Amino acid sequence: MSDTNEMSGTSEQRRQFLKTSVGAAAVAIAPGMLMFDMAHGKTEAVSGKVRWGMLINTANCADCDKCVKACNKENGLSGGLSPTDSQWIRKVELKDLRTGRSLALPMMCQHCAEPPCVDVCPTGASFKRADGIVLVDKHICIGCRYCMMACPYKARSFVHEPLHDQKPDVPRGKGVVESCTMCVQRVDAGKIPACAEACPNKSILFGNLNDPNSEISNKMRTEASTQVRADLGLDTGLRYQGI
Amino acid sequence: MNLLCDQSDGAASYSTRLPHNGNHAGYVVLRARSILAYLQGMFRSSCRRALHFDLFVTVAVRIAIVLVALLCLSNIASAAESNGSVAGSYGMPKLDIGKGGHCVAPPEWMRINHMKVLFKQRDETVHQGIRGGKYSLKNCVECHASLSDNSVIGRPDSFCEGCHRYEAVKIDCFECHSSKRSVALVQEVPK
Chain A
1 MSDTNEMSGT SEQRRQFLKT SVGAAAVAIA PGMLMFDMAH GKTEAVSGKV
51 RWGMLINTAN CADCDKCVKA CNKENGLSGG LSPTDSQWIR KVELKDLRTG
101 RSLALPMMCQ HCAEPPCVDV CPTGASFKRA DGIVLVDKHI CIGCRYCMMA
151 CPYKARSFVH EPLHDQKPDV PRGKGVVESC TMCVQRVDAG KIPACAEACP
201 NKSILFGNLN DPNSEISNKM RTEASTQVRA DLGLDTGLRY QGI
Chain B
244 MNLLCDQSDG AASYSTRLPH NGNHAGYVVL RARSILAYLQ GMFRSSCRRA
294 LHFDLFVTVA VRIAIVLVAL LCLSNIASAA ESNGSVAGSY GMPKLDIGKG
344 GHCVAPPEWM RINHMKVLFK QRDETVHQGI RGGKYSLKNC VECHASLSDN
394 SVIGRPDSFC EGCHRYEAVK IDCFECHSSK RSVALVQEVP K
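The listed protein sequences derive, respectively, from chains A and B.
Just so you know, we're using our numbering here: the first sequence kicks off at 1 and counts up by one.
Just so you know, we're using our numbering here: the second sequence kicks off at 244 and counts up by one.
No wet-lab data here; the hints were simulated from the structure.
Please read all numbers here as calculations on a predicted model, not as lab measurements.
Any given hint might turn out to be false.
Below 30 Å or equal to it, Euclidean Cα-Cα: the simulated BS3-like pairs (lysine-lysine) are [stated by the list, open to error]:
#, chain 1, residue 1, chain 2, residue 2
1, A, Lys-191, B, Lys-381
2, A, Lys-49, B, Lys-381
3, B, Lys-423, A, Lys-42
4, A, Lys-174, B, Lys-363
Covered stretches of chain A, as calculated for chain B (at least 3 residues, CB under 8 Å) [unchecked claim]:
#, segment
5, 49-56
6, 137-151
7, 162-168
We put the CB at the ideal spot given by N, CA and C, even for glycine.
Pulled out of the complex, with its shape left as it was, chain A reads as follows:
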């Protein structure tokens, strides 16, 4: 009897020791792994569980162009308005001629679920990432500009001139098509796009459309919103309120 007691006492001690050491190891390693992730960025591929989107409330859209300026700054665009300058986002003013009601809204790549630019691309440079962001792989793009013709939103630009001093995270160059990337470099780093961050009235809400509990999903469920050119059936990732 006493033997078994001793045995059980020893195994209890061992168990306790193992528990403590495992706990200590976890405490020691966890912050390191966290630090590694933070320092080295995402090591996993993006998945279709997420679909990034934006909800733009035009009622709050003030008479400013801070979203445009923030986009230009983040992505290293010149901000020029000549026909050959790249514009990834622009403020569009609408006026109902009958009633006289006018409103302004930011217009950019709508990150369609069925993007026409991807359909027409002859080389496969235009593509949609698993998380719904529509991008151009500039290593494959041959600059044919077919996607620019196909886009109903005129969201894409062609780079006509050689560029210098590009941002390290936003490579851009002459001879290829480019457009809003939903600030993919920021999104991958866990931040929100520059335009959404810059809006003084929080008119641009960025979030995961596939997560039913996200702020954007809740708002879209409870409030009216619409797609631009919904008749095309592109299932845009950007939705507007008040138009």
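Start from chain A and add chain B according to the hints.
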């Protein structure tokens, strides 16, 4: 003195005098003798002097030249060791490797395979959003941009351009990608 005049007149005086005396062979012999005598005199006097002073100077100069050559050689060797660049017998380029330090893979391997790993990681990042892999172009630039002009291209000894010029392979990367180190970005990452 006579000889000196002949020298200064040169070929022109020689040809003008020939038709007058007509004794071509005799003139040449005379001339050759005088040159020989002059050279002998020179030799004797220089020997006399050299025995005392010139010899000393010559030896000293030779020793100095050897010393300077040795110094230069040792300097080149130590410089090559300290920055780890390649200065082999094939005249490979000497590169400014910037901050340097431990590369993500052995330099010999990287010399052969860097483009393959860069292309692979490029496709993963663009299409799948996998970021922060060790073979990123940004990482290359971050360590290897020159400490003087902050760039991996633009000079014959720049980290990327040095080798690519030597191999005559055009680099397209930096028509779109930044060739400059971004200090601000390094500070932003740990946040």
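Structure-based check of each hint:
For a cut-off of 30 Å, the pair hint linking Lys-191 (chain A) to Lys-381 (chain B) stands: about 20 Å separates their Cα positions. For a cut-off of 30 Å, the pair hint linking Lys-49 (chain A) to Lys-381 (chain B) stands: about 29 Å separates their Cα positions. Proposed proximity of Lys-423 (chain B) and Lys-42 (chain A) is supported: the alpha carbons are some 23 Å apart, at most 30 Å. For the proposed pair Lys-174 (chain A) and Lys-363 (chain B), the alpha carbon gap of about 23 Å is at most 30 Å, so the pair holds.
Evaluation of the coverage hint for the segment 49-56 of chain A: breached, as 0 residues show C-beta separations to chain B shorter than 8 Å, against a requirement of three. Under a criterion of three residues with beta carbons nearer than 8 Å to beta carbons of chain B, the stated coverage of the segment 137-151 of chain A is upheld, 3 such residues being counted. Counting residues of the segment 162-168 of chain A whose beta carbon lies closer than 8 Å to any beta carbon of chain B gives 6, which reaches the threshold of three, so the coverage claim holds.
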